[in-house]
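Take these sequences, add in the hints, and give me the full structure.
Protein chains in written order, with the working numbering: chain W, -8 to 168; chain A, 10 to 532.
The hints are simulated quantities; they were obtained by calculation from the structure and are not laboratory data. Any given hint might turn out to be false.
Listed next, the in silico DSBU-like pairs over lysine-lysine satisfying Cα-Cα at most 35 Å (straight line) [said to hold, decoys possible]:
{"hint": "1", "chain 1": "A", "residue 1": "K178", "chain 2": "A", "residue 2": "K41"}
{"hint": "2", "chain 1": "W", "residue 1": "K154", "chain 2": "A", "residue 2": "K178"}
{"hint": "3", "chain 1": "A", "residue 1": "K121", "chain 2": "A", "residue 2": "K152"}
{"hint": "4", "chain 1": "A", "residue 1": "K44", "chain 2": "A", "residue 2": "K178"}
{"hint": "5", "chain 1": "A", "residue 1": "K148", "chain 2": "A", "residue 2": "K41"}
{"hint": "6", "chain 1": "W", "residue 1": "K154", "chain 2": "A", "residue 2": "K152"}
Computed footprint of chain A on chain W, listed as stretches where at least three residues anywhere in the stretch have a Cβ under 8 Å from a Cβ of chain A [claimed, not checked]:
{"hint": "7", "segment": "93 to 106"}
{"hint": "8", "segment": "126 to 138"}
Looking from chain W toward chain A, a few residues come up when the C-beta cut is under 10 Å (computed) [what the hints assert, rightly or not]:
{"hint": "9", "residue": "T24"}
{"hint": "10", "residue": "F26"}
{"hint": "11", "residue": "D55"}
{"hint": "12", "residue": "V112"}
{"hint": "13", "residue": "E119"}
{"hint": "14", "residue": "S121"}
{"hint": "15", "residue": "F123"}
{"hint": "16", "residue": "F145"}
{"hint": "17", "residue": "G146"}
{"hint": "18", "residue": "F152"}
{"hint": "19", "residue": "D163"}
{"hint": "20", "residue": "D164"}
{"hint": "21", "residue": "I165"}
{"hint": "22", "residue": "W167"}
Here the structure is a predicted model, which is why all the values come from computation and not from measurement. Ideal placement from N, C-alpha and C gives every residue a C-beta, glycine not left out.
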Amino acid sequence: MTATLKKTTQRGLTRRQLLTRAVAAGASFVVGTGFVAGRDAAWAMEVQHLQPESMATLVQMARDIYPHDHVGDKFYAAAVKGYDSDDDSDAIEAGIADLNAAARNAGYDSYLDIGWERDRVDILRGMESSPFFQQIRGGLVTGLYNQKDLWPLFGYEGESFSKGGYLNNGFDDITWV
Amino acid sequence: MTTTFDLNDDSVVVVIGTGAGGGTLANELAQKGIKVVSLEAGQWHEPQDFVQDEWASFGQLAWLDGRTTSGDWRVSDDFSGLPAWIVKSVGGSAVHWAGASLRFQDHEWKAKTSYGNVPGASLLDWPIDAAEMDPWYTKAEDKLHVTRTGDRPGLPGNNNFKVFEAGAKALGYENVNTGRMAIRSSDTGDGTPCQQMGFCFQGCKVAAKWSPSYDEIPAALDTGNAELRTQAHVLRIEHDDQGRVSGVVYSDAEGNEQLQKARVVALAGNSIESPRILLNSASNMFPDGLANSSGQVGRNYMRHMTGSVYAVFDQPVKMWRGTTMAGIITDEARHDPSRGFVGGYEMETLSLGLPFMAAFLDPGGWGREFTSALDGYENMAGMWLVGEDMPQETNRVSLNTDVQDQYGLPVPNVHFDDHPNDIAMRNHAYERGQAIYDAVGATRTFPTPPYPSTHNLGTNRMSENARDGVVNRWGQSHDIPNLFVSDGSQFTTGAAENPTLTIVALAIRQADHIASEMSAGNL
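What follows is the structure, given as structure tokens:
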């Protein structure tokens, strides 16, 4: 999934084009017509059904639910990209609207406008039992953590059959016990 | 040579299921020259087809047909449609199992006598005991290549074990080692020894771990006395006017209903599906389901007291390297009511990959408390806690007539409430598990709630008296002499130990009994 994101950037827009056609969305994202991207233009995603701002909000929400500071936004973007579909987009837009309404009630312009994670998390706690929140959170369990190129960031090595298992490859190499 | 039997051949023993019970029984009968038709709901996956990828493997192997849950157990909240993590494949859940192969302790065969009257528990003594089972256990240990039995060496300890062992010794535990495992530990010319790959739960790709899928079923087929039909999902068992079972109705791979006639039927579909088949086989003669004059079919569902403890350290462990269950502490398996509960529990190392750790560490959890735990994944060690839970009549598998499966049959509902004894034992085990890791410098420990059940037991229980249970000391229905139960559903009580070795020992013994009864003209 991540590979698709990179490809989109390369094929669709140069880094310069991307940044000149985009406006800021929150602290981490820029959005333009039909796309959302990281502020550093390290990744970009075309959106066809969701508003680009809604996708940016979804990526931020994904990070706030499962925050790993050593994991880049592209993994969170890949985890929620599937919601940009005909079937899902109406419900997702409604959920994002609820999220932004809760942010406005708390005195912010929008969810993405909230600067501190703890203040965004307060908003999420308030809607924790909603089907929208549970759909996003539940989907992330596999959508985020089952990305094979994410595993090395946690030290996890994945399959071992191709290297003959760990019998001669460190299954008992612990030194500190 | 492939042997096939005619659907109208009523001289065959039909075995439903190819797991630890059914797979073993089929092979043992075939070796004795008895004609067997094995019906397996799943497909046959060869070792090279197994996938070392947790979710992909789950999709390949898990039994995902619709089920519902109720009761106060947390699994019902966290995994409401998935009460059990068991397998639909040739080899059954003995494809997925970790391999721990411990005998029941003497007192566990006499749970009611040993524990006395426990309010709310439907305890019963087994009609068999340790002395009677001893030779069958020995045969089972030889069949399963169980380490630390016979002259088989133990497996070497991996990183996860070394942390576990150091903590156990620091606390003064005396019985900690790499366990009795049904995993080939040396090259004896009979299969590949363990390569410490990890992924025991996903099916062993070098077939070092015993599984009926490659150890029993091919041997049965080689005799020429057995036929295996895969994707044969059993719908019901039929009977004749005399009340003896006469055949098994199943849906074949193309979705067509077939009736295989039978001289004897042995039911081994695991403790959810086995009682469900009996209940779905209700007839005018048996309106409450087959073999259910006691009303006990589906009741006394047990799932073992379980839980896990994971711990993060300030240095790497890499627990996923090597056997998934790499060591066992048996000190807490004794019966010692001074701890505040009856029965005991085993502590067994366990590892999950990152994807499953995310799903099972704290189901529903989110935010930094959750993610900072996963950030320590590389520095994590883990153990599983498994102990005897109390049978309760109200914990049961029943038919949920509001929900139908793909065959139009009511799905099983699995109701489970923890008994106070289960809760007291789990809390004790959490404390001990956390203490073990604290003793080797854990910076944080996690008392992790139970996963969907892998040990499903007791729903067609064995009893001396017909009024108390479903089958007799041979696993034979009290009501219907040519109907046998051959899986963990025949367990009278669960004991503290992982059930597979006992299921296999009972199946070997049952095969002997069926063969002698057939020779004597009684079946």
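Evaluated hints:
no.: 1; hint: A/K178 - A/K41; verdict: 47 Å, violated
no.: 2; hint: W/K154 - A/K178; verdict: 33 Å, holds
no.: 3; hint: A/K121 - A/K152; verdict: 31 Å, holds
no.: 4; hint: A/K44 - A/K178; verdict: 52 Å, violated
no.: 5; hint: A/K148 - A/K41; verdict: 15 Å, holds
no.: 6; hint: W/K154 - A/K152; verdict: 29 Å, holds
no.: 7; hint: 93 to 106; verdict: violated (count 0)
no.: 8; hint: 126 to 138; verdict: holds (count 6)
no.: 9; hint: T24; verdict: 33 Å, violated
no.: 10; hint: F26; verdict: 28 Å, violated
no.: 11; hint: D55; verdict: 8 Å, holds
no.: 12; hint: V112; verdict: 6 Å, holds
no.: 13; hint: E119; verdict: 8 Å, holds
no.: 14; hint: S121; verdict: 13 Å, violated
no.: 15; hint: F123; verdict: 14 Å, violated
no.: 16; hint: F145; verdict: 5 Å, holds
no.: 17; hint: G146; verdict: 3 Å, holds
no.: 18; hint: F152; verdict: 5 Å, holds
no.: 19; hint: D163; verdict: 5 Å, holds
no.: 20; hint: D164; verdict: 7 Å, holds
no.: 21; hint: I165; verdict: 4 Å, holds
no.: 22; hint: W167; verdict: 5 Å, holds
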